[in-house]
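Construct all of the structure, not just a fragment, from the sequences and the given hints.
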Amino acid sequence: MSGIALVRKPGPRIAEGLVTHIEREPVDPERALVQHEAYVAALAAAGWTPVHVEPADDLPDAPFVEDTVVVCGRLAVLTRPGAPERRPEVAAVEEAVRGLGLSAVRVTRPGTLDGGDVLQVGRTVYVGRSSRTNDEGIAQLAALLPERKVRPVDLDGVLHLKSAVTALPDGTLIGDPARLGLAALPEPAGLLEPEEESGAHVVLLGGDRVLMAASAPRTADLLVRRGLDVTTVDISEFEKLEGCVTCLSVLVP
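Our numbering applies: residue 1 is where the sequence shown begins, and numbers increase by one.
Take these hints with a grain of salt, some might be off.
Below are the SDA-like pairs computed for lysine to any residue, each with C-alpha atoms no more than 25 angstroms apart in a straight line [unchecked claim]:
#, residue 1, residue 2
1, Lys9, Ile22
2, Lys9, Arg24
3, Lys149, Thr108
What follows is a set of in silico ranges between Cβ atoms, one per label pair, in the way DEER data are often shown [what the hints assert, rightly or not]:
#, residue 1, residue 2, range
4, Asp234, Arg123, 33 to 41 angstroms
5, Arg24, Arg98, 34 to 42 angstroms
6, Pro50, Asp234, 15 to 23 angstroms
7, Ser2, Arg24, 34 to 42 angstroms
8, Pro110, Ala45, 40 to 48 angstroms
Quick caveat, the hints were computed from the structure, so don't treat them as lab data.
Just so it is clear, CB atoms sit at the ideal spot from N, CA and C, and this is done for glycine as well.
Have a look at this one:
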């Protein structure tokens, strides 16, 4: 598989990014930029063409581009982030997705929706109820995706749904059951538990290839034993801001 990888470089104020469920640690903006470049290079090596959203140096959380848009087929659902400080990030993302020829629609008030709360698995779209995504936002997304089955998932102690669970290429969910309302998930007893917290964060690169954080080596080994081709990248500076490998790009096949 190949396509476009929508990304956005971190700016000099990234250390001021929001944190909700963890204690703040110092973030090195220069190291974050180097890590981001390596992340983008890994996507490119897997066949994804990077497209950079216009930088936003005044918006610390801007590199977490996933939260601003949900792409389903040729439709781009522009979100209304739950943190008001992040809403200005969306305008440049709208310009970028329209430049890719996607149709764009918006989540509107009083709905809030962060893309990190949206996990697409086949025809099912799981959406986390979080501090950033409310029921109205979930309802609007369901109305915009009438051909998909949208299933809300309650969360406990994590920023976004994809902070707790993602999916492997065969559709198997990998995540922490302690963080999830398992009733919304299919066969919750079959949920694959990662060896490390960040092992729940998997980007599907196409075929049997996946991208993971270097902070989850035991989970990477587990997935290799399951027959997957695993690429790892160091995103430690972004993890200090509750970021994941999933947060830093939007893949458009």
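Taking the hints in turn, this is what the structure says about them:
no. : hint                                 : in the structure
1   : Lys9 to Ile22                        : holds (23 angstroms)
2   : Lys9 to Arg24                        : holds (21 angstroms)
3   : Lys149 to Thr108                     : holds (21 angstroms)
4   : Asp234 to Arg123: 33 to 41 angstroms : holds (34 angstroms)
5   : Arg24 to Arg98: 34 to 42 angstroms   : holds (36 angstroms)
6   : Pro50 to Asp234: 15 to 23 angstroms  : holds (18 angstroms)
7   : Ser2 to Arg24: 34 to 42 angstroms    : holds (38 angstroms)
8   : Pro110 to Ala45: 40 to 48 angstroms  : holds (42 angstroms)
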